[in-house]
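Undergrad: With the sequences and hints as input, model every part of the structure.
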Amino acid sequence: MTTSDPFSNALSGIDNAESVGHLTHTIQPASNQIGSVLEVFYDRGYIDGFEFVEDGRAGRFEVELKGAINECGPVKPRYSAGADEFEQWEKQYLPARDYGTLVVTTSHGIMSHYEARERGIGGQVVAYVY
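Per this note's numbering, the very first residue in the sequence shown carries number 49; after that it's consecutive.
None of these hints come from the bench; they were simulated from the model. No residue lacks a Cβ here, since even glycine has one placed at the ideal position from N, Cα and C. Please note: incorrect hints may appear among the correct ones.
[Claimed, not checked] Using C-beta positions, here's what the derived DEER-type ranges look like: (1) Pro125 to Ser79: 15 to 25 Å; (2) Leu71 to Gly130: 31 to 41 Å; (3) Ser84 to Gly115: 16 to 26 Å.
TA: Next up, the structure:
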């Protein structure tokens, strides 16, 4: 079965697995974008780790959850945000100031909005997690 949006399905799958208390979750099919977002989740401490498994098709990610995610999801449509505009998107998608992370795709790759603000670069907001 093909899905219309694998990125959105991956984030909702993680959110659902966290809400019922699972310790692992499988994301299939894998993509570079999903891998980069999982890397941001790992760096910010929301997941314990993840591993890419080649299965002869598109591959899959085995994600180790630790119960730190209250909610995560994609941002649609992908809004452009300058380096000084992240606070507006924090107000819209995150429950409190400095609580949670926006995932941003920039010309320097996918990163958290904290890192993008520190580097002084803008991009498109693709996901949120808290």
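Undergrad: Hints first: check each against the structure and report whether it holds.
TA: Status of the hints after comparison with the structure:
1. Pro125 to Ser79: 15 to 25 Å: holds (19 Å)
2. Leu71 to Gly130: 31 to 41 Å: Since Leu71 and Gly130 have Cβ atoms about 39 Å apart, the given range 31 to 41 Å holds.
3. Ser84 to Gly115: 16 to 26 Å: holds (23 Å)
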